[in-house]
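K.L.:
Starting from the given sequences, assemble the full structure and let the hints guide the process.
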Amino acid sequence: MKTLLSGASRAVLATAALTAAISSFGTAQAGEFDGVTIEAKLIGGQQYEALYARIPEWEAATGAKVNIISKKNHFELDKEFKSDIAAGTTSWCVGSNHSSFASQYPTLYTDLTDLVSKDVVAEFVQANIKAATFDGNLVMLPRAQFDVSALYYQKDLYDDADKAKAFEAKFGYPLAVPETWAQVKDQATFFADPPNFYGTQYAGKDEAIVGRYYEMVVAEGGKLFNDDFSPAFNSEEGKRALQWFVDLYNAKAVPAGTTNYLWDDLGNGFASGTIGLNLDWPGWAGFFNDPSSSKVAGNVGVAPAPKGSAGVRTGWSGFHGFSVTKDCDNKEAAASLVEFLTNEDSQKLESSAGPLPSRTAVWEYVSEQAKDDPYRSEVLAAFKETAATAFAVPPTPLWIEATNLIYPELQAAILGDKTVDEALEDASDAVDSLMQEEGVY
Amino acid sequence: MNRLKLPPWLVLLLPAIIILSAVVLIPLVLSLYSSFTSYRLTRPDSIFNWVGFFNYEKALTDVKFWAAFGRTVLLLTVALNLEMLFGLGLALMVSKVTQGQRLLRTMMMFPMMFSPILVGFQFKFIFNDNVGLVNNALQSLGITDQAIPWLVDGHLAMFSIIFAEIWTATSVFGILILAGLYAIPRDPLEAAKVDGCTAWQSFRYVTLPFLMPFIYIAMAIRSLDVARAYDIVQIMTNGGPARRTELLWTLIGRTGYVDARMGYANAMGYISIFLAIFFTIYFFKKLTQSRKELGMGA
Chain A
1 MKTLLSGASR AVLATAALTA AISSFGTAQA GEFDGVTIEA KLIGGQQYEA
51 LYARIPEWEA ATGAKVNIIS KKNHFELDKE FKSDIAAGTT SWCVGSNHSS
101 FASQYPTLYT DLTDLVSKDV VAEFVQANIK AATFDGNLVM LPRAQFDVSA
151 LYYQKDLYDD ADKAKAFEAK FGYPLAVPET WAQVKDQATF FADPPNFYGT
201 QYAGKDEAIV GRYYEMVVAE GGKLFNDDFS PAFNSEEGKR ALQWFVDLYN
251 AKAVPAGTTN YLWDDLGNGF ASGTIGLNLD WPGWAGFFND PSSSKVAGNV
301 GVAPAPKGSA GVRTGWSGFH GFSVTKDCDN KEAAASLVEF LTNEDSQKLE
351 SSAGPLPSRT AVWEYVSEQA KDDPYRSEVL AAFKETAATA FAVPPTPLWI
401 EATNLIYPEL QAAILGDKTV DEALEDASDA VDSLMQEEGV Y
Chain H
1 MNRLKLPPWL VLLLPAIIIL SAVVLIPLVL SLYSSFTSYR LTRPDSIFNW
51 VGFFNYEKAL TDVKFWAAFG RTVLLLTVAL NLEMLFGLGL ALMVSKVTQG
101 QRLLRTMMMF PMMFSPILVG FQFKFIFNDN VGLVNNALQS LGITDQAIPW
151 LVDGHLAMFS IIFAEIWTAT SVFGILILAG LYAIPRDPLE AAKVDGCTAW
201 QSFRYVTLPF LMPFIYIAMA IRSLDVARAY DIVQIMTNGG PARRTELLWT
251 LIGRTGYVDA RMGYANAMGY ISIFLAIFFT IYFFKKLTQS RKELGMGA
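First to last, the sequence lines map onto chains A and H.
Numbering of the first sequence is given in full-length UniProt numbering, commencing with residue 1 and proceeding in unit increments.
Numbering of the second sequence is given in full-length UniProt numbering, commencing with residue 1 and proceeding in unit increments.
Among the clues, some could well be false.
Calculated lysine-lysine pairs in the BS3-like style (CA-CA distance at most 25 Å, straight line) [what the hints assert, rightly or not]: (1) A:Lys82 / A:Lys72; (2) A:Lys295 / H:Lys124; (3) A:Lys418 / H:Lys5; (4) A:Lys170 / A:Lys307; (5) A:Lys72 / A:Lys295; (6) A:Lys155 / A:Lys371; (7) H:Lys96 / A:Lys239; (8) H:Lys124 / A:Lys252; (9) A:Lys418 / H:Lys286; (10) A:Lys307 / A:Lys155; (11) A:Lys371 / A:Lys384.
A few chain H positions that, by computed beta-carbon distances, are all more than 12 Å from chain A [unchecked claim]: (12) Arg3; (13) Leu25; (14) Phe86; (15) Thr98; (16) Val131; (17) Val194; (18) Cys197; (19) Asp231; (20) Ala276; (21) Leu287; (22) Thr288; (23) Gln289.
Because the hints were derived from the structure by calculation, they are not lab data.
If you're wondering where the values come from, they're calculated on a predicted model, not measured in any experiment.
All residues carry an ideal CB built from backbone N, CA and C; glycine is no exception.
P.N.:
Shown next as structure tokens:
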């Protein structure tokens, strides 16, 4: 029978396949972890599942077994991890992690520095590695689920010669896609025609506005917290950053309800065609350019996040990763699995569906793949540029609580209930009391 | 062998005692205890960290807490009175209808059937400054060319929340007052007519005193509801912006569940309970008084 391979050929092919598989697993050796079972708690959801379908390959190559004992979203996993810490049930090995949550689990996860070779770590985008390192411990390897915001804009705003002339006459420089936040402010004010059209918009409440303010403080050359986590934003840089939000609101260049907006309101707002410039996440790229969901489809441009007065780009970012617990019996096997789930092939697989990778080589690969699609290429180029200087949230377990103290004060300044100075003074005092009460310093 | 014999009355009451302890007493005692600790959800062992009256002192000296307290009292006063007036009007009108009254009564109850979360989302959309129904209608009718920030402006945001509360709960008053109207004996009304009372006089001096017990019962029930107002406000404004619509329970909910400071949240909760207790006692006193006036017992 032609379709049947002889036993010998099958053996040769199987060996070749195994060799090929092993060569892509880095340090893992065939049968290296025979009989080992790795228990894992992973983030669940349709967009994350494709990667887990690769796990049997790792099992076949190393002889180990993976037992996924929990699959939930990060907020649910977070609660589960916390009860595990409280109950001491942390002998499972591999857990999904996120840069915004990671600082809360210093006792749970081990340092991967000794378990993963330096060469492998060097292959990741270094800004991500930095954000995955707490107190010198590399607590996770980033997967291809990276988030940072770039500037979406309506392209035709820059095609109108009359507008360009009027803009230059008013502001003294030519109208072009903004490279600084000062230019965004000028242009947003110029384009605004409330209540029909707004120059820009921003997330106005909860952690979202504090994240936006945080990245603006950094872009202005300041810091949100000092190294001891005492508040550092009541500074000249912090005031300049907040003034930017206040000025746009006063100029009616943003929707009046912006202080109530969160991500969905912002995304739908830009898609409705009533917003000129919109700093937003990569996940919206497809939605904005899809005629069935967006009125601006075909008219969307994407530029890297603009820079603040310190010449620094905004780049508040977050990403998913995998960690190994301190109580895991076989950390080498667990680290091998983590390395496998974040290796080049895994990242290529995940990023083929849209999410941004966290390995340098995979960035190049996806850019190459998108070269026939000008929009996708533009999106990737803008996000790649922004990702290069991105930074995660300050590594304190009190981050969310601090944001709950800061955001009402930011809103008070934006809405004119307080001056910028008063608002930042009050926010700084509140965060200072929180940190002292919690014994941070 | 001596078997422990419980008195029959205790045996009979035991199931009720056990169930009440499990669902009411234990959570109450536990939350009261935790209000004297620095209990954080994220650090379970902190429930043993006794801090005495620290949480209570902190809440009682916190301007934000008292501002939220004041706003809750304001919401309670305005919403309750308007709901009562609208409910009374609605009940009087429905009671006059001769045909299709059943259908009207059912329709009147529709708003009560919606979950508060849904009502919150509905009014959040209606009052949205950019794509909301109200602004679009006002702009289309040429009444304004502005995007009115319903959920942002200090007064308008409170108004929007009160509007949503009234929409959802006026029918509670409507139904209870309607029940009251059906229960009024005809003789005093007929006597008033014979004596030459005007319609207003019969309403003011005969109908209304008969309705007062029903109104106070509705007030007592709704005061407990509004003092605990959370879901609608949480969805519409989450207490913001800039704490302009912060009520007791949005503040307490955020402190307890988002900030994970359950000890402090429980302390604020126990102080807030006094508000509910005060209004309940007040309305029950009024209820007893109005029943006395009607000669319906001491």
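K.L.:
Taking 12 Å as the cut and beta carbons as the points, is H:Ala276 off the interface with chain A?
P.N.:
25 Å, holds
K.L.:
Does A:Lys239 lie within 25 Å of H:Lys96 when you go C-alpha to C-alpha?
P.N.:
63 Å, violated
K.L.:
Evaluate the condition: distance from the CB of H:Thr98 to the nearest CB of chain A exceeds 12 Å.
P.N.:
46 Å, holds
K.L.:
Just double-check H:Arg3 for me: nearest Cβ-Cβ distance to chain A has to come out over 12 Å.
P.N.:
Non-interface label on H:Arg3 holds, nearest chain A Cβ at 39 Å vs cutoff 12 Å.
K.L.:
Against chain A, does H:Leu25 keep a CB gap of more than 12 Å to every residue?
P.N.:
25 Å, holds
K.L.:
For H:Cys197, is the shortest beta carbon distance to chain A beyond 12 Å?
P.N.:
Non-interface label on H:Cys197 holds, nearest chain A Cβ at 52 Å vs cutoff 12 Å.
K.L.:
Quick one, are A:Lys72 and A:Lys295 close enough, alpha carbons at most 25 Å?
P.N.:
The given pair, whose Cα atoms are some 34 Å apart, is violated under the 25 Å limit.
K.L.:
Would you assess whether H:Leu287, listed as outside the interface, keeps its beta-carbon beyond 12 Å of every beta-carbon in chain A?
P.N.:
About 39 Å separates H:Leu287 from the closest Cβ of chain A, which puts it past 12 Å; holds.
K.L.:
Is H:Asp231 truly not at the interface, in the sense that its beta carbon sits beyond 12 Å from all beta carbons of chain A?
P.N.:
17 Å, holds
K.L.:
CA of A:Lys170 to CA of A:Lys307, is that 25 Å or under?
P.N.:
Holds, at roughly 22 Å.
K.L.:
Is the Cβ of H:Phe86 farther than 12 Å from every Cβ of chain A?
P.N.:
Correct as stated: the minimum Cβ-Cβ distance to chain A is 27 Å, above 12 Å.
K.L.:
Does A:Lys371 lie within 25 Å of A:Lys155 when you go C-alpha to C-alpha?
P.N.:
20 Å, holds
Of the hints listed earlier, those the structure fails to meet are numbers 3, 5, 7, 9 and 16, in rising order.
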